[in-house]
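**Q** Could you slot chain B onto chain A? The hints should help.
Chains as they are written, first to last, in the numbering used here: chain A, 1 to 115; chain B, 1 to 109.
Derived from the structure by calculation, the hints contain no laboratory data. We put the beta carbon where it would ideally sit given N, CA and C, even for glycine. No false leads were slipped in.
With beta-carbon atoms standing in for the labels, derived distance ranges: (1) B:E15 <-> A:T80: 43 to 53 Å; (2) A:T14 <-> B:D27: 35 to 45 Å; (3) A:S86 <-> B:P39: 15 to 25 Å; (4) A:N77 <-> B:N24: 27 to 37 Å; (5) B:P39 <-> A:T5: 16 to 26 Å; (6) A:A2 <-> B:G1: 29 to 39 Å; (7) B:N30 <-> A:Q17: 36 to 46 Å; (8) A:F69 <-> B:S108: 41 to 51 Å; (9) B:Q92 <-> A:Q41: 19 to 29 Å; (10) A:S79 <-> B:I44: 28 to 38 Å; (11) A:P8 <-> B:A93: 29 to 39 Å; (12) B:S108 <-> A:E82: 31 to 41 Å; (13) A:S79 <-> B:T20: 41 to 51 Å.
The lines below spell out each chain.
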Amino acid sequence: KAGVTQTPRYLIKTRGQQVTLSCSPISGHRSVSWYQQTPGQGLQFLFEYFSETQRNKGNFPGRFSGRQFSNSRSEMNVSTLELGDSALYLCASTDGQASWANVLTFGAGSRLTVL
Amino acid sequence: GIQVEQSPPDLILQEGANSTLRCNFSDSVNNLQWFHQNPWGQLINLFYIPSGTKQNGRLSATTVATERYSLLYISSSQTTDSGVYFCAVHNQAGTALIFGKGTTLSVSS
Numbered sequence: 001k002a003g004v005t006q007t008p009r010y011l012i013k014t015r016g017q018q019v020t021l022s023c024s025p026i027s028g029h030r031s032v033s034w035y036q037q038t039p040g041q042g043l044q045f046l047f048e049y050f051s052e053t054q055r056n057k058g059n060f061p062g063r064f065s066g067r068q069f070s071n072s073r074s075e076m077n078v079s080t081l082e083l084g085d086s087a088l089y090l091c092a093s094t095d096g097q098a099s100w101a102n103v104l105t106f107g108a109g110s111r112l113t114v115l
Numbered sequence: 001g002i003q004v005e006q007s008p009p010d011l012i013l014q015e016g017a018n019s020t021l022r023c024n025f026s027d028s029v030n031n032l033q034w035f036h037q038n039p040w041g042q043l044i045n046l047f048y049i050p051s052g053t054k055q056n057g058r059l060s061a062t063t064v065a066t067e068r069y070s071l072l073y074i075s076s077s078q079t080t081d082s083g084v085y086f087c088a089v090h091n092q093a094g095t096a097l098i099f100g101k102g103t104t105l106s107v108s109s
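Chain A with its partners taken away, still in its complex shape (with noise of 0.2 Å):
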């Protein structure tokens, strides 16, 4: 069974930009979540999305959006890019309606660099 695929693995972008990540959860999986690492602040939870909907969101700015298709694979845009956005962006899927209730697989990340 393939695991959690992110793509690109590793992007570079200037301020003002925008990007888009994509997640590819592992078959069967319907629940994705989004997470930020960044040194400074660690782990923080981006959003998570299950059917196509989202269910919930952490506390970022609106320059953070995700979405979900029918497929199940989500991706996720930063616009407006910010020198601290640069971080590592990792996926999780889950085979749970609830996230809370199952073990999450995570994806290698993608890692964001904005100069």
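**A** Leaving out everything else, chain B in the frame of chain A:
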């Protein structure tokens, strides 16, 4: 919101040594998971352990939910155990997974 504190922040061991990592949380939680992040950034789930004790090879974990802490035991450590260990809990509402700051483990041969 719920607070998750991990200790120690850093741990340096010789290969073969044992260690105990601790995770304290400030409120009742729905679950608790332990993860290992390898040097390439990949987070690997070690245990899903809202309460009780589980063992997987050289690793074991115990969560005492009533006293709001969890322990991760690593026995006979190997260099491949190096990395950052995180505990994470879901708040009561189940709306967010809260991570601790992690324990960085370095195992030398």
